[in-house]
Amino acid sequence: MHILIVDDQAANRVMLRGLIERFGHNVSCAENGMQALELFSHKGADIVLLDVMMPVMDGLTTAKHLKQLSGEIHLPVLFITALDDQKTLLECLDAGGDDFISTPPEPIVLQAKLNAHARVRELSFKLKEKNEVLAYHSNRMEREQNVVSHMLSNALLENELRFDFLQTYLSPATEFNGDLVLSKGGPLGNYYIFVGDFTGHGLAPATGALPVAQTFFDLAERGLSVATMVKEFNRRLVKLLPDDMFCAAFVAELSAGGDRLSYWNGGIPDALFIDNNGEVTNRLPSEHLALGILPPDEFNSSLSHCFIERGQRLVAYTDGVIEMANTDGNRLKESGFENKLKQFGHQDQFDDLVSSLESFQQGTEQSDDISLVVVNCVPTGLPVKQDDHSIIHLPFELKVSLTEHNIKGEDPVTRLVDSLSHLEGIKAHKTTLYLLLAEAFNNILEHNLLRLNSDIKEEDEGFERYYSERERRLKSLEDIEVAIDVNYQPVDSVICFGIRSNGENGYPADEFSPVLDEEKMHGRGMQLIKNFSRYYEWKDEGQCLYIEYDLNLPSV
Amino acid sequence: MSVSREFSNDGKQLIIAIQGKFDFSLVQEFRQAYSHIGDSQPTVIIDLRETEYLDSSALGMLLNMRKSLGSSVKDIQLINAKPDVRRILDISRFDKMFTIA
Numbered sequence: 000m001h002i003l004i005v006d007d008q009a010a011n012r013v014m015l016r017g018l019i020e021r022f023g024h025n026v027s028c029a030e031n032g033m034q035a036l037e038l039f040s041h042k043g044a045d046i047v048l049l050d051v052m053m054p055v056m057d058g059l060t061t062a063k064h065l066k067q068l069s070g071e072i073h074l075p076v077l078f079i080t081a082l083d084d085q086k087t088l089l090e091c092l093d094a095g096g097d098d099f100i101s102t103p104p105e106p107i108v109l110q111a112k113l114n115a116h117a118r119v120r121e122l123s124f125k126l127k128e129k130n131e132v133l134a135y136h137s138n139r140m141e142r143e144q145n146v147v148s149h150m151l152s153n154a155l156l157e158n159e160l161r162f163d164f165l166q167t168y169l170s171p172a173t174e175f176n177g178d179l180v181l182s183k184g185g186p187l188g189n190y191y192i193f194v195g196d197f198t199g200h201g202l203a204p205a206t207g208a209l210p211v212a213q214t215f216f217d218l219a220e221r222g223l224s225v226a227t228m229v230k231e232f233n234r235r236l237v238k239l240l241p242d243d244m245f246c247a248a249f250v251a252e253l254s255a256g257g258d259r260l261s262y263w264n265g266g267i268p269d270a271l272f273i274d275n276n277g278e279v280t281n282r283l284p285s286e287h288l289a290l291g292i293l294p295p296d297e298f299n300s301s302l303s304h305c306f307i308e309r310g311q312r313l314v315a316y317t318d319g320v321i322e323m324a325n326t327d328g329n330r331l332k333e334s335g336f337e338n339k340l341k342q343f344g345h346q347d348q349f350d351d352l353v354s355s356l357e358s359f360q361q362g363t364e365q366s367d368d369i370s371l372v373v374v375n376c377v378p379t380g381l382p383v384k385q386d387d388h389s390i391i392h393l394p395f396e397l398k399v400s401l402t403e404h405n406i407k408g409e410d411p412v413t414r415l416v417d418s419l420s421h422l423e424g425i426k427a428h429k430t431t432l433y434l435l436l437a438e439a440f441n442n443i444l445e446h447n448l449l450r451l452n453s454d455i456k457e458e459d460e461g462f463e464r465y466y467s468e469r470e471r472r473l474k475s476l477e478d479i480e481v482a483i484d485v486n487y488q489p490v491d492s493v494i495c496f497g498i499r500s501n502g503e504n505g506y507p508a509d510e511f512s513p514v515l516d517e518e519k520m521h522g523r524g525m526q527l528i529k530n531f532s533r534y535y536e537w538k539d540e541g542q543c544l545y546i547e548y549d550l551n552l553p554s555v
Numbered sequence: 000m001s002v003s004r005e006f007s008n009d010g011k012q013l014i015i016a017i018q019g020k021f022d023f024s025l026v027q028e029f030r031q032a033y034s035h036i037g038d039s040q041p042t043v044i045i046d047l048r049e050t051e052y053l054d055s056s057a058l059g060m061l062l063n064m065r066k067s068l069g070s071s072v073k074d075i076q077l078i079n080a081k082p083d084v085r086r087i088l089d090i091s092r093f094d095k096m097f098t099i100a
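Taken in sequence, the protein lines are chains W and Y.
Each residue of the first sequence is one higher than the last, beginning at 0 in numbering that gives the first Met the number 0.
Each residue of the second sequence is one higher than the last, beginning at 0 in numbering that gives the first Met the number 0.
Next comes chain Y alone, as it looks inside the complex (with noise of 0.2 angstroms):
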């Protein structure tokens, strides 16, 4: 599977990792993961530390995830982002809509 969403033992933080391809293919699977989360406000973490590929559409689901969770999740995090992953989301300027670590 290349979209795995898993919460934290507290509760306090869902953890979303994709490994390999990052676009429109998992668009279906990446919204399930993160329907569901509940009133408890979490932070909600994306992990990219096994994902290779990624492109604009992949750039429009995480927008699409920041608008339709909007304030029902406490903070939206892009983690582990390898170096050239990590320039795809410095260019489009995606630090002004995420906290990237």
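Just chain W, with the same shape it has in the complex (with noise of 0.2 angstroms):
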């Protein structure tokens, strides 16, 4: 240890000097306070031993200069002084001093003060160092917090809870809201809304928010089922989360006219269409265990549809809503939400709903996250997706040449639009080329090749019977060729088809076209080709089947 002494007397250092040498400490001597600042300055000191009265700088101005210097952690300074001055103990003790040594000195007293001092010094280097560690975890801890959060956020971009016909308060008890609402529309002008309420708060059930976004945002863009959404989410949080984690939620799809709404409860309080009178009129009950409890094999997904009346409002929440309490310990309850709904029925009262929350737990901590949706079911107005109408700009010819082989327990049409549909500009027509070519290609395959006929489909049980008999004649069909030419020309933008066959008969004169019964079962295929087609035609005595359909033209 180092220990250094600060006397203007020479016979005191030299005294002092000797005694501590021989307890085995190295020592260092200044004669006053100025000069111990320099000392201490180079080469530091474990505990100082200060007399009071020195010329230049006394005792108590460099005892506060010393611990200034010595920062964060603790220099002893024993104060060298006869202790019959109580004015200038207090003085010593006011200037930082943290014991008194009398002149001469007990060796056995100072040696037992100098080690106590020790101990106190060795504790204040190990709080030092505990401090730092505690500070760099703690920053640590921040900045992961920090990249989480940033992560949720980027997650989130998709969000939509802007629109219209959607009014939110969400309100989490801490930084990460452990509770989650999630809202976008899907590709046909509907709507799909998410609600949900992970076990806990903070920085885990937060993390849980992360897949279940990402799956929402996929699948309804892909405009998807809730029932699918919500067997998704559960498959992925049952994989993820540990045992005693889940997620209520929440979970519904509201159709483009705003008519109909399907959803998902599984441990959310019951959701409500409320009028505008704020009067409940209908309650989703929570019907489902929450998500990321069941194995996929035994979730349930099955979902409640229900037809909304113009002017309902579809109320969600989590259970801080009614967990909230005031500051004399009474929880809102159902009830009590229901009741400030009816005092603030209108749609333009959102607002005021929320102050009117606010102010009844005014005064409290809020100890759970609060999320409250409400949506206005209207048409929604949401734009209906388009595929890519681009044009084609290359010219090109494709001859497909079919046998019975790749007719049997094959499906040669579609397969032929799922290639062509890889062509820029043909996917957003597949669903109607589709029809044209499976109209054709069955009319000359069921009636040229087969010779079915069509009215058995108007008998009982005519439609079964028909594929059947359809079944069984090509089962025994034999070197056949079905032919189907595509060319496509950019300059008119028009792809032409021709179906034949090697069939002896054509296809019946009086049937080229008919007039459609809208109740029969049959007849309507060609009707289709004639409406979607810009021109059709049968040719070589109803061998050959020639259609065009133009790109430019989403038909009719």
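Think of the hints as simulated: they come from the structure by calculation, not from any bench.
One thing to keep in mind: the hints can contain errors.
Okay, derived cross-link-like pairs now, EDC-like style, lysine to aspartate or glutamate, Cα gap no bigger than 20 angstroms in a straight line [said to hold, decoys possible]:
#, chain 1, residue 1, chain 2, residue 2
1, Y, 81, W, 71
2, W, 429, Y, 28
3, W, 127, W, 71
Cβ-to-Cβ under 8 angstroms is the rule here; a few derived chain Y residues that face chain W [stated by the list, open to error]:
#, residue
4, 15
5, 34
6, 55
Don't be surprised by glycine CBs; every beta carbon is placed ideally from N, CA and C.
Got two chains here, separate frames each, mind docking them using the hints?
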């Protein structure tokens, strides 16, 4: 240990140095405070023995400076003084003194005091070290939380909460929200909403939001059903979450017309339909276990469906709403919430409803995340997704020759249309192209080659009989050939198809352009070709059907 | 599976969804999907959101269903048809026989 002795009297210095060196410590000496500070700055010291009365700089001033220089690490300062002057003793303590030694000191007392103060100093070193470790971890934690919060906000970039028909109030209890509200339009002008509540608060539940959000946006964009969504959420969460964590959720799809709702509720308080007076007209209760509990084969994804009368609004909320408490410790409960809905029943009063909820729990600390969404069930006005209608610039020709092997148990038309759909500009037309080709192909196959009579379809059970007869005749078909020619010219962007077979009889002339009877089971195919093609013609006495389809015309 | 059948929780609606191609290859499956609907007069909902292709045989199957179910159902609705599919239904004047939503 290094001890610094500061005393203007040489005799004292010599006496103390001798004594302390005998204890086995290193000693430096200074004649006044100024010298002491200089020495301390260069060589430091573990304990300082300080005289009170000195020229140049006295002990009290020196003590203050020394303490300052020592910073966070505790530097024991022991004043050398006679113990009979109470006032000086107090001043020494005020200046930061830790103890006193009298001159001449009792060696054994001095040794004990030095050892005791050395231990305190050692503790202060350890404390500083621990503080540094703590600060490091706390920084790291903060950095990691920032990363997660960054990832979360990126994952939620696709979240569309700004719709005219949607009102939300989201109030997390901590920085990370354990509630999750997701909303997105689908490709049909339909609209999806997800209101979720993970067990617990903070970072852990927030990370559960990542896979749910990504799945939600992906499946909403593809326009899939709520049943498909919840199955996928559950599959992911079961795999991901620890056993004691799950996610209560209300997931719903509103039709583009705003008149039909299909929903799945697992563990969320009853969602409500309210009218324009805020009166509850229908309850959509929880019918399932929360997401992330049941293994996929036990999970129940069956939905509820309801038709919505005009002017109704859907209210969905997490339990944070009804479990909020006022300063008397009384909870709001369902009844309290529904009273507030009545009180602020009109859709323009949503802000008042929110203020009223906030003032209810004013003065208390919010203990749970709060989410409240209100969806006005009107036609969504969301755009219907259109495929890319770009035009193909290269002419092409395609010849497909099919034999019975390509037809029995196979589906050449779907394959052909799927392949064509890979060309730019064709994909947007694939449903219509399939219709035209399928009608043409089936007409040729069923009438020219299989010689089936469509009238069978009109009989009782005739539909099934027709198709089982088709199957039967198809099996014994031999040496046949169906040729499909596809030709495209970019000049007028028309695709032409010619379909012919080597069948002996042609398509019956009296059915070339049938008069459509809407209730009839047959005759519809040619009518559809007529409607969707630019031009069509039976050629070679009904042996070949020629069709033109205009890619510029989103037909009829 | 390209035809799926599910009753809603309250049993008031039977939802039949058809994925991919809707044509005569589903004739048995589709028929089974609307069999055994009970006496509760449910609304039958055909969900076409995942139907990419359909042809006149599918239209025939829908008409067949309508004929066969008759008054044992409250209503038959064709829902979530993509624009191209919807056009085929419209041109065939199916709005006269079904609720298209």
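Violations among the numbered hints, reported as their numbers in ascending order
Of the numbered hints, 1, 2, 4 and 5 do not hold.
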